[in-house]
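S.K.: Let the hints inform the model, and build the full structure from the sequences given.
Heads up: the sequence lines are chains A and B, in that order. What the first sequence shows, in the numbering used here, is residues 1 to 212, in sequence order. What the second sequence shows, in the numbering used here, is residues 1 to 280, in sequence order.
Hints were generated in silico from the structure; no laboratory data involved. Note that the coordinates shown come from a computational prediction; the quantities given were computed from them, not determined experimentally. Nothing false has been slipped in among the hints.
Here are the computed lysine to aspartate or glutamate pairs in the DMTMM-like style, where the Cα-Cα straight-line distance is at most 25 angstroms:
#, chain 1, residue 1, chain 2, residue 2
1, B, Lys16, A, Asp88
2, B, Lys4, A, Asp88
3, A, Lys69, B, Asp273
4, B, Lys157, B, Glu49
5, B, Lys4, A, Glu113
6, A, Lys3, B, Asp273
7, B, Lys271, A, Asp64
8, B, Lys4, A, Glu75
9, A, Lys103, B, Asp273
10, B, Lys16, A, Asp123
11, B, Lys16, A, Glu97
12, B, Lys20, A, Asp88
13, A, Lys65, B, Asp273
14, A, Lys103, A, Asp64
15, A, Lys204, A, Glu8
16, B, Lys239, B, Glu168
17, A, Lys170, A, Glu156
Given next are the chains, with one letter for each unit.
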Amino acid sequence: MTKVELIEVTKRIKQATVIDNVTETLYGGSIVGLKGINGSGKTMLMRLISGLIKPTRGLVKINDKVLGKDISFPESIGMLIENPAFLDHYSGFKNLELLASIKQIIGSEKIRETITRVDLDPDDGKYYQKYSLGMKQRLGIAAAIMESPDIVILDEPTNSLDSDGVQIVKDIVTEERDRGALVVLAYHDHEILKFLSDEIIEIKQGQVVGRT
Amino acid sequence: MFFKVLRYDLLNGTLKSAKKYLIALLIFLVAAFDFTLRAPGLRNHLNAEMSTLGDYLMYLFYGMNEYEIGSPEPFRFPALWILIVLFALYIVLYYPYNDLYGYGKQVLVNSGSRSVWWLSKCAWVFTTVLTYFLLLFATVFVYARAAGAVMTLNISKYMYMSFLPVAELKETLPMSLNIEIILMPFLLVLALGLLQLFMSLLIRPILSYSLSIVILVISAYYVHPFFPGNYAMIARSDKLIETGVNNMVGIYFFLGIIIVSVFLGWIYFYKFDILSNERI
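M.R.: Here it is as structure tokens:
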């Protein structure tokens, strides 16, 4: 089972402490919601788990391997942090195919299946730049889950999605959890978070202030 | 893994630079055309018969003669030389940075290695600069051939007499300046391109580009071994003038900048926090 440990993690950026002495252990097979207002530190925590930023103090361990020391990034992770970013002059399928070509652990069929799973058309040749905000968000979610990673990080995944889209996200995170992945979600909206998560960690000014 | 990320960079980075290559082609054509307009007057004046391919290339890369500070002559900016160098640096300026805060962030995480990402970007800069100069040489080659030039890299004597300070010229002038024409401008752009890549991690890309401009302008203004632009200007070569700079020193200097930039960037990127692109 995947295990993510944050051990006395503090992150300072310039003079500001954005994460303040956080110690948490997260396990695969669960949906963990991060709750907090904008700027509370949710996205920073996700960046720390992803290896995009390094702790000023403390350790982040993925399956007992220290991020930034034993490994640069988690070995199996899919993420959608902030806005989805893809190549404007490629279709959705082509974008995911190029991304999948780095690890080469999935083929075209799995990419097509994942695009269909987020209710997009894998045969739609439309360039990404012509996508609506909702379509971009769906493609971002597809990119995060297509390789069936052990850790799935989704920052406000229902942004720009309609009610059908929210239900798709709910189904996806549940399925990902059920196959054993650790799903970490961040939201500022408590109702949606409660609807999607197994457990909720509340963050305020970079500190964990509650767990439900 | 390195080659997979490099393949991605070559595909994606080149696609994003396609329009810039077209502008570069236009610059090279206009520069060659400008030379064909000027050359007959220069040749007639010195009773020369034909221009060579080497003459065309010298026209692009001669730069400017040493400027004497305090001279009543105004400082004349080496516009064509600086345009060719700066445009190449512009092509390699934004892609690595924008990629890091966009799609490339996912590529980086998927690659599992910061070193792979950094070295791939360095290799992309090398490939892009090489492509730029190959395009330049190919364009000038085709243009010069069509214009009836003699297809040799030898430099005509009238070029030396027309563009360089006759009083300061050495007694024996070389027939050709292959290293100065082919290698030195390429190495200058590669060295500054990699320095820009490293500096873009520390400051905004536009500021690192400004640093390149400052280096080139100072190089035009002062002849000094520490100002790298001097090594890529034919008019500053010690093969032609006594007070010129030596190209072997230049090669070592450029290699030094390249190695230091790649190495420092590698070390720095290892600890670099990838936040968002608010610094653009």
